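J.: Next come the chains, spelled out residue by residue.
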Amino acid sequence: MVGVDPSFAITLSKNASMILPMDTRDTPEQAELRRTARQLARQLGPRTVADLDDGKRTRRLAEAVRSAGWLELRQDSGDGSPLASGVEAAIIAEALGEAVADVSFAGPLLGADLARRAGASPIDGAVVAFAPDLIDAARVSGLATTAPIYAVDCPAQGPAAAYVLVPEGSGYRLAQVQIDSGSDGADLTRVIRRLPAGAPLLPVPNQSRLLTLPDLDSWATLGLTLTSADLVGLMRGVLDLTVAYARERRQYGVPIGSFQAVQHLLAEALCLMEGAFSVTLHPSWAVDELAPDEARSAGRLAKAYCARAARTVCETAVQVHGGMGNTWDCIVHVYLRRVLLSSQWFGDDGEHLRELQRTRLGVIHGFS
Amino acid sequence: MDFRDSPEEAEFRKRFRAWIARNNPGLPVSSTDDVYWARQAEWHTALYDAGFFGLSWSSRFGGHDLPPVFDDEELAAAGAPPRPSLGYLVQGIATHASEAVKDHFLPGLISGRERWCQGFSEPGAGSDLASLRTTATLDGDEYVINGHKIWTSYSDVADWCFLLARTDPTAPKHKGLSAFAVPMHQPGIEQRPLRMINGITKEFGQVLFDGARVAVKNMIGEPGEGWRVAMTIVSHEREPGEVGYVARYAKTVKDLEEVVRTDPNAFRSDQREAVAWAYVQAEMLRLHVRRRLSERLDGLDHGPGGSIDKILMTWVEQSVGSTALSVAGSRALIDSDDLALKIYLYSRAQSVMGGTSQIQKNIIATRILGLPSA
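If you read the sequences in order, they're chains A and B. Numbers given in the working numbering equal positions in the first sequence, counted from 1, plus 160. Numbers given in the working numbering equal positions in the second sequence, counted from 1, plus 6.
No lab work stands behind these hints, which were simulated from the structure alone. These figures come from a predicted structure and were not determined experimentally. All C-beta atoms, glycine included, are put in the ideal place defined by N, C-alpha and C. A hint or two may mislead.
Stated by the list, open to error - Every beta carbon over 10 Å from chain B, so not counted as near; a handful from chain A, in silico:
no., residue
1, A316
2, A357
3, L401
4, A464
Said to hold, decoys possible - Using 25 Å as the maximum straight-line C-alpha spacing, the simulated SDA-like pairs for lysine to any residue come out as follows:
no., chain 1, residue 1, chain 2, residue 2
5, B, K223, B, L200
6, B, K260, A, R514
7, B, K181, B, D145
8, B, K20, A, D183
9, B, K260, A, D284
10, A, K216, A, D284
11, B, K260, A, E515
12, B, K20, A, L450
13, B, K108, B, G305
14, B, K223, B, G182
15, B, K260, A, G510
16, B, K108, B, G57
17, B, K260, A, K216
18, B, K20, A, K216
19, B, K260, A, P452
20, B, K108, B, E79
21, B, K260, A, E454
22, B, K20, A, A451
23, B, K260, A, I524
24, B, K20, A, E449
25, B, K260, A, E511
26, B, K260, B, A16
27, B, K20, A, M182
28, B, K260, B, A83
29, B, K179, B, S363
Unchecked claim - Chain B stretches covered by chain A per the calculated footprint, using a threshold of three residues with CB under 8 Å from any CB of chain A:
no., stretch
30, 52-59
31, 361-367
Full structure from sequences and hints, please.
T.: Structure (structure tokens):
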């Protein structure tokens, strides 16, 4: 059975003062985690669209992710820091994306990360509720929600809660809203729940501090990292199966992958994936190592690149699969749909380019 | 994973930053102005003499035996000209040449005391490089060279030409080639400048060999090894980490940002978004090069991965070039000497030089993705 010792993160941070050249490679522990995570995701993730309805498999997948300790990685290690860094979290997110693994991971991880920053004890399976644009955490005043908000990447089973931010003084207090049921979204592999207006706010026990704006910058950086890493994994996965299809599918008596018109599309897709991987490494490290605003800028940059790249790569995958690629039973649209959600969640390329214009070019939106 | 500098690296960067501040020659953005090419040798030797060039190369040849340090970022931040790009020639010699040839040529190449050009392409051999027709015929202890090379960078100032020529006309086309270090200052060699679409004349040249001579001992690698030598060189020529272009893109993006920032409302939203996207792409490339340099800690790879880097670099250069033109607007069309026009026009060559984007995609498709050859 797959197991991860969460204490490895602590060993890593203690060694951080060792003298090494700037190095973006995985440590041996990270490389091992990458192998393990990919193996688990490949083994238990869906191979076909029909597999999405196989409840036995999805329960095994959810149980494997839970027992590997992956949902706890951003919980408090005892001194306020998380059990594992953003790098480990991104490695797992990428592996799950690569296999379009229909299991909740980023949602609970982001919930745990937010609770840790508020000094609250973790609520099992709790996720974060978002404003309807799915970019920012929902901010709610008063005793109940006044407009619909959305819990993203909820655990498929059991009752769960979603955190909301309640303005207090110069910061925010956490409250929770119970999730019971609701509709699923465009992504066939992750659960979105709509929480209607009027949902009562319940207290989150044992909060020891208010969340500050820098706290929320750091937390958003984790969100940008996890969604970017998911997009990198989705690109990797959909490209693998599209290359395999191009080798197999024959027209004019030869594999379609022997035509340069097809080869060049796939070569471009690989370049986009490699660039996206390179750019995502930075925020995955920065979330725990750089000042919150600097880290968030690294996250925005990665997300802008990954969102554009992943959309193009998935559209290429649909095209190379031809007519089959446009049918429900071809798994490619499962990747494309998940790309659409991961792009929008925490903001897509358009959103972050707009923000870059504001911060780097001094553009004041709405006044030009 | 650690993006932070080690104390040694941080110290090195600090020293380099201070040196650049004092010694930045204020040259124009390379590739767009003949002044850069004319004074590139000066910049090279200045960097070298101060101990800031050839860092990761062996001290036996005048390098510093350092792990890969990304000094391009400092040059970019200071708006200084990029370092001369010749790492790929160093890799070619270091990988294939005999110890004697390495000792003889690498120190001068690295220090900039001796200038080199690369004689690969010919008018009839572009993408199909292996079909080249320049011959090297053995005559005693010398080879006699006849042929015509084109796209030969820096041939007007070169002391040496890294030449690829056919030594065995009877062998299959990839097997009959050998590589040489040919002295440029001799009768039988004529250099002609090439004028590029942006008007520069000092980067590329044509070289005509008519009975020029090169000593047998100046062969780089074994007879018939020329194709392998050439492939090592082009695989590194395709890496942005080897050619120092990251600094050039970062400088242009920084300049464009400054232009827009002075009066954002004077620009359309598509122009501003193009600048933001150019920034994202230039940063992507910077981070990609950091990753590639880190991967070198596992050992140097002469494989097809450089083709991915070349495509990414080309996308960035052409996106930055188009953005420069867009931001300049009509100014670029009224003044034929406008920098934005030159940057844009030069950027169109990036998808051709060092192997066209189409050739790179063929390599990626067949050698990395494992798709069947057409």
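J.: Go through the numbered hints given earlier and state which of them the structure violates, listing their numbers in rising order.
T.: Hint check: 4, 5, 9, 17, 18, 20, 30 fail, others pass.
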